[in-house]
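A.B. asks: In case you want the letters, here they are:
There are 2 protein chains.
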Amino acid sequence: MFGASTLVVKIIGSIGSVSAGLDLGKEGPLVHIGACFASLLGQGGSENYRLRWKWLRYFKNDRDRRDLITCGASSGVCAAFRSPVGGVLFALEEVATWWRSALLWRTFFSTAVVVVVLRGFIEYCNSGRCGLFGRGGLILFDVSDVTVTYHVNDLLLVALVGVLGGLLGSLYNYVLHKVLRLYSLINERGRMAKLLLSLAVSLFTSVCLYCLPFLAPCTPCDPSSETICPTPEGSGNFKQFNCPSGYYNDLASLLYATNDDAVRNIFSTSTPNEFRSISLLIFFALYCVLGLVTFGIAVPSGLFLPIILMGSAYGRLLALALRSFIHIDQGLYAVLGAAALMSGSMRMTVSLCVIFLELTNNLLLLPITMFVLLIAKTVGDSFNPSIYEIILELKGLPFLEASPEPWMRNLTVGELAAAKPRIVSLQGIERVARVVDVLKHTSHNSFPVVDQGAPSSPGGTTELHGLVLRSHLVAVLSKKWFLKERRRTAEWEVRAAFTSVDLAEKGQKVEYVKLTEEEMDMYVDLHPFTNTTPYTVVESMSVAKAVVLFRQVGLRHLLVIPQYQGAGISPVVGILTRQDLRAHNILGAFPHPANKRRRGQKQESMPAYWLAQTKQKEVENREEDDDDDEGEDG
Amino acid sequence: MFGASTLVVKIIGSIGSVSAGLDLGKEGPLVHIGACFASLLGQGGSENYRLRWKWLRYFKNDRDRRDLITCGASSGVCAAFRSPVGGVLFALEEVATWWRSALLWRTFFSTAVVVVVLRGFIEYCNSGRCGLFGRGGLILFDVSDVTVTYHVNDLLLVALVGVLGGLLGSLYNYVLHKVLRLYSLINERGRMAKLLLSLAVSLFTSVCLYCLPFLAPCTPCDPSSETICPTPEGSGNFKQFNCPSGYYNDLASLLYATNDDAVRNIFSTSTPNEFRSISLLIFFALYCVLGLVTFGIAVPSGLFLPIILMGSAYGRLLALALRSFIHIDQGLYAVLGAAALMSGSMRMTVSLCVIFLELTNNLLLLPITMFVLLIAKTVGDSFNPSIYEIILELKGLPFLEASPEPWMRNLTVGELAAAKPRIVSLQGIERVARVVDVLKHTSHNSFPVVDQGAPSSPGGTTELHGLVLRSHLVAVLSKKWFLKERRRTAEWEVRAAFTSVDLAEKGQKVEYVKLTEEEMDMYVDLHPFTNTTPYTVVESMSVAKAVVLFRQVGLRHLLVIPQYQGAGISPVVGILTRQDLRAHNILGAFPHPANKRRRGQKQESMPAYWLAQTKQKEVENREEDDDDDEGEDG
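Protein chains in written order, with the working numbering: chain A, 1 to 634; chain B, 1001 to 1634.
Chain A with its partners taken away, still in its complex shape:
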């Protein structure tokens, strides 16, 4: 997912798709490229051409790798929008499932580096030496030239922008979901189908962009305006396109331009009569269609720019329609429309607000932007989840929801663990053959290690020693660190044989380890490799609390232990992974809890200590549970 080949494909693909004029955002590929770089750095290079620098080993653990990927993603957003703080907040709000303060300033540092480098290139390219690079300076869509003075009725209109934006955004999510499902059916048919689909969309885009401006009539230039009209250069507000001198074609100004320039033109302030409604309507309709059909094709793409294009056209159209009531510039309405649609579809607040501030450089617009974003988010949230959640759901990625579903209170982790296949546990000192067998025939990533009870404990019980990771087992096998007899090893033996780098090594496969018959009959002491204090929960704990623990502490495995230990009771009930705790997967195994969803429980995220506070409620819930269980028996 983050390999070197992905990186190359993404870079070339994204250059190609942007040059083709497809309706897609650069921020998606840039985020991915940033994450790829970070991940490769964390691995110490690609699988095949691995760099063996010593200092790179420090990153070689899950946590630093995750941090690096977050930094990479925020750098990508920063590079796409020249928005350093927005990039940090985007990572905070969307990317990182698990946050800590050190990560905050690390991402901040990475975006600071990006923006200083970017600024350096812009300074260097200012004289036009690098083509279009650096156009717009550090601020892509500057609208700081108009001051914002607003009245009470403007607030109402702005609220309308927000409400409609929320509606449109959730509608967009709904339709895009359908389109993506259809596309996944097409894409499954093989490479040819993928290629044809991409070609078709690309052809459709080109034809529309080329032909539609012929529909629009020429508009006379406004003689009172100070700007040059028609624009002489390649990019500009007033494209001449087939028109006589002194006239321009407004649709061509929007369509015969890069996506960035189109946004800049729609956002342009103090030009109330530049675009006719019909042109804007054509533009809006075209980009609605393109925004829906382009995202799912097999090219690297992002969602920001398509939605900004749609939203800005929508905002400007609304401003044109309500021309006589508004006191704010139409260009600013376009900005607000874009913000509303973004928030209606992506449901982010703080990061979008800062990204828009950094894109437009109009601080006085900030209060209204916040207002619009919140309204659009609220309206959108009442219809469907955010577009990112929809996409993650479609891709089946194990993304744990931010807060547990209310019905998770009614299910215990014990029930959940019981529904899984019986767990495979290893003895503290285990035969090599058995370890190999277990590794080959299961796909679990960690195994509980149990010991026969100490002489002092009640006879016959097994005791839990801890969890051992698959990667550590493979490392032990490939080092052939075996014992002839069943004995506990001393610490120094382990230290002599393994360095922390050996154990941090990942991706080794048990299939590549060749063992002789003799070796298979030997023993291995797993105690030194066992994490003796994994996070555990008691089987009677509700799934909701387990989800909070899992997500907040950033776990991979959660060990479920029985409430009462004793003779004959296994010391481990089960192991839960991220996949097991996803609402979608739980509903597969337990269809009935979801039905309780509408029993008037507070539809709220739930902190860890909710239980102590809502004891009475839980008493009621437990009774409900009992009823249900009886119903199942009957």
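No lab work stands behind these hints, which were simulated from the structure alone. Everything numeric in this text was worked out from a predicted model, so none of it was measured. C-beta atoms are modelled at their ideal positions from N, C-alpha and C, and glycine is treated no differently.
Listed next, with one range per pair, are the computed distances between beta-carbon atoms: (1) A:T147 - B:N1273: 26 to 32 Å; (2) B:V1179 - A:T271: 56 to 62 Å; (3) B:L1195 - A:S382: 52 to 58 Å; (4) B:I1012 - A:D145: 40 to 46 Å; (5) B:F1325 - A:D145: 30 to 36 Å.
Simulated coverage check for chain A against chain B, where a stretch passes if three residues somewhere in it have a Cβ under 8 Å from a Cβ of chain B: (6) 80-88; (7) 102-109; (8) 359-366; (9) 548-559.
Got chain A sorted already, so can you dock chain B onto it with the hints?
C.D. replies: This is chain B only, laid out in the frame that chain A set:
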């Protein structure tokens, strides 16, 4: 801490102290006022005049109260700096120990409301109807009128600003720590001492502000400048103050002004010759002294503005000294100086960056601001902790550090629990007299409930049922919900007697519950009030992991259970609270782990799963532990 009387005192005190011209920030009291409002709303009004609105009951739980307080604090910052996004990020970076995405947009909503209301008042007061209110519009210190073009050597100078800012900031922290300690000694002597101290500081401030401008000579106005000089109005850049017409006194411009105006004057751009170095030096020295002596006196005060005043003078002084090398406006250097000192003292990054952006409205300055902030933070972090941590440490508030100390890996929670006094546990069905006795003679907030083992379990064992809260016990006592005989109650009995509001009630004292002799001899069934699934850790878990769990999930109590259960072993080893897990308190009980601090361990925060990744390291650590234990025995 967040009561109604605090609120009134803070409001009056803060108006008084700002009017007196003391060197203090409004944001401290405003944050506190916001938090007080939020807390009162969460309680449903003050203790004595409690509003009994039904909907307020929804906030009556710990989580919502915490959220409300966070929203209140961010609204305070927003109101102080007219910085909505900065307020949210401040809450994120400094205030909230425990974060979730819902909180992000809730604080965002509250600051959006603040800024819309503020904007409304500014619009209304624009005509001067409300005195100085609304001066500066939504942007307090606007420096957007100069464009920033910088060269490579400017980056070096800016780095110098950052390094010196970090040094000065950590020096400030150090000296302020000493001053606050001295003040706490003085303040302990009673109200009279407090009052005298405040009066002395106030008198000193007034005398300095009044007398110092007499030292400065008159400066001739710059005839080429377009601004009116001397300034006719009360507030302005060029104060005439005893000078003939055509002349101004630059020190008077800084000292005969409100703190906000002084900052505005130092930040003023395109005025390279306005201030003489000697005047700036006097100003800087004065505000260094005032900033150190004012904060600890018994008036509501904040730290932002004093540090901004110091920092801006420092930045401008540096720019004056390096006049011939710099290409950026001196006013912007003042901004950077302020940012550097803030970051050097407070160690925030993203929130400071956004607050400065929103204060100054110069987006092009953003990359350099980020650069300066990061350098100053890094330099400062190498000397001492942030000023907030120092103050929390001095006040002894139970603030859990963001990440565990490295030496915490070498201590288990079992050892920590063993060092505490023996825990008091209750029986599942307990005598009333015992409950009263336990409540009166301990101050714990929760108690483990243990049951005699079920017949099926090995004989003689006690089993843990869960945790019961003190507030629930008091509620049960005051409802006199007692039983004549030892029996388990049914669920409906509890439901008939208690509503969830009864149990959410807090602050009741056991001393006010009057019980007769007869009632004392009765029994109470604690099972229905017990949280049967508290978060538990096994005694062998390291303190570091427990701290991560505690902090990330936002717990109040953590139950420590024995690694192996069995006959004769208590099912609870202990209960750990926030106080028990603070590094400072642990070091009191276990002085030796801190000595290991410099054993070359990675000075890093540690996630939950570090153990699995650094198994080898832990093996080494464990050996060290063994050595130490032997040392103690010998």
